[in-house]
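A.B. asks: Keeping their order, the protein sequence lines are chains A and B.
Going by the working numbering, the first sequence opens with residue 1, and the numbers climb by one from there.
Going by the working numbering, the second sequence opens with residue 1, and the numbers climb by one from there.
Please keep in mind that the hints were generated in silico from the structure rather than gathered at the bench.
None of these values were measured; they are calculated from a predicted model.
You can trust all of the hints, since none of them are fake.
Going by beta-carbon spacing under 8 angstroms, a handful of chain B positions derived as facing chain A:
| no. | residue |
| --- | --- |
| 1 | N28 |
| 2 | V29 |
| 3 | I31 |
| 4 | S32 |
| 5 | G35 |
| 6 | G37 |
| 7 | S38 |
| 8 | M61 |
Built from N, CA and C at the ideal position, the CB exists for glycine as well.
If you want the building blocks of each chain, they are given just below.
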Amino acid sequence: MLLLITRPKYDLPTHYLFHWAGLLINEAKRRRVKIIDLDKEKAKKDKLHSYLSKQPIDIVILNGHGSSEAVAGQNEIILSTGNGTYLLKNKTVFIRACDAGTILGKEIIEMGAKGFIGYIQPFMFPIDKDCVNKPLEDKLASPVLECSNKVGFSLIKGKSAMQAQNDSLDEYAEVTDRYSSSEAINSFLLPILLWNMASQVCYQ
Amino acid sequence: MEEKSNSQNISEDIKNLVIARLETIPSNVEISIGGKGSFTIEDLIERVKKQDNIGKKITEMQLAYLRSLGKLPTQELKDASANN
Chain A
1 MLLLITRPKY DLPTHYLFHW AGLLINEAKR RRVKIIDLDK EKAKKDKLHS
51 YLSKQPIDIV ILNGHGSSEA VAGQNEIILS TGNGTYLLKN KTVFIRACDA
101 GTILGKEIIE MGAKGFIGYI QPFMFPIDKD CVNKPLEDKL ASPVLECSNK
151 VGFSLIKGKS AMQAQNDSLD EYAEVTDRYS SSEAINSFLL PILLWNMASQ
201 VCYQ
Chain B
1 MEEKSNSQNI SEDIKNLVIA RLETIPSNVE ISIGGKGSFT IEDLIERVKK
51 QDNIGKKITE MQLAYLRSLG KLPTQELKDA SANN
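Next up, chain B with everything else stripped away, as it sits in the complex (with noise of 0.2 angstroms):
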């Protein structure tokens, strides 16, 4: 089914961030995303490095981590979750 991108440019530093954070995982791990299927993570990087809609997700994925090592996670994601 469709997904909704972000159609926010990112820059090639984040895209290296997000592909280095992806080229930590496991060879044997893939990822299923919804509808769009289930990616290994070579396809993952290529599509970070594309930004089609599956690159964009998975790059608003690991930025939306690396913001909340900065806070206490767990609980503040708690909280805006139960505020929704």
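Looking at chain A on its own, in the form it has when it is part of the complex (with noise of 0.2 angstroms):
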């Protein structure tokens, strides 16, 4: 199994996201999984048409910011409508960015691939402002991001997308009724829990 997976790094939201893709790299090692990992000035549209064109990639997951129709790496697109889609034929694929499920998802699946998963509203996170140079012990964010982390980790396993997204749905379900008790504390979480657990979508 190959894994390409792109990090940019250069705001607040990339920089979460960089070190919790890095929590899916560990685990892709840790499994003999190959990986090519497109990260910071890596995340650039002419690497990843490089790479999915030359390589026989199984798994793509991009991190960065979206839109519906496009989603960028380090400061510039790298995947649009009608520019790159035809090279994820096979593959599967999930975009963890704004909107990339509701029109350039669907393209993606029209041009072959096996499988693709993203979001069809804005993502979000909250962010403990004490925590923001330890990311990954943030946790504030760590409930959404270990719900969306969950895509990737079924996906290193070797889980069609379906089947991961049934995972990772799972999981907003439990962390969500764990957010719901009467004990539990940060409960503002919930809203952008259902949000991010409702805005997730899968098409194969």
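Both chains are sitting in their own frames, so use the hints and assemble them into the complex.
C.D. replies: Here it is, written out as structure tokens:
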């Protein structure tokens, strides 16, 4: 199995996604999955398209900012409708970016991808300002990012897009129930958890 | 990146309800909203008052949660999402 992952890092949201996507890389290494890590300045369109056209990649995970028709890498659009989606044929794709599930994800499937998981609304997560320098220790961000990471963990285990989606939704349901209890603190996380859960879509 | 916005008019009562909920969030919290950046709770309250794109999304999120409280929230949302 060969995994390609993009991890731009140039603002606070991508700083968090960079570190949380790093956990997926650790898991892939542990499972001896081969990895192409396009981090920081390597998260550019030319590099992504070159690897997609030349390497037998099975799973593609793109982290970054997005819109309904495009997803960005390090300060540039790296994939958009009509520009590179055909390169994802026969691959399973997870795009952790705002809105990309609305139009881009559907085109990716139409162009022959095995499966697609993404979001049809802005991807939101809370940040504890005291944890900005240690995002993996941010206990406010972790419930949301763990649920989202579950997609990647399941794909790395060899599961299909739909199985990965269901694993992630199960995690959202479990975490949401935990924060719904009468003793729970930080119940302000619930609207954000429910928002991302309802926004996460899977096509295959 | 550009985000879609909901053009629906929001009443003052709804705005005040959303603002009251935001005021319960601790001051050490920021909310990251995709390419728009991360926002303090004070920023979000101002944007809900103005009902700009960010304010509308935050309003939509809080209202979706409140509407879900009358149901079995997680299972129904899971089913709805799985059927997309």
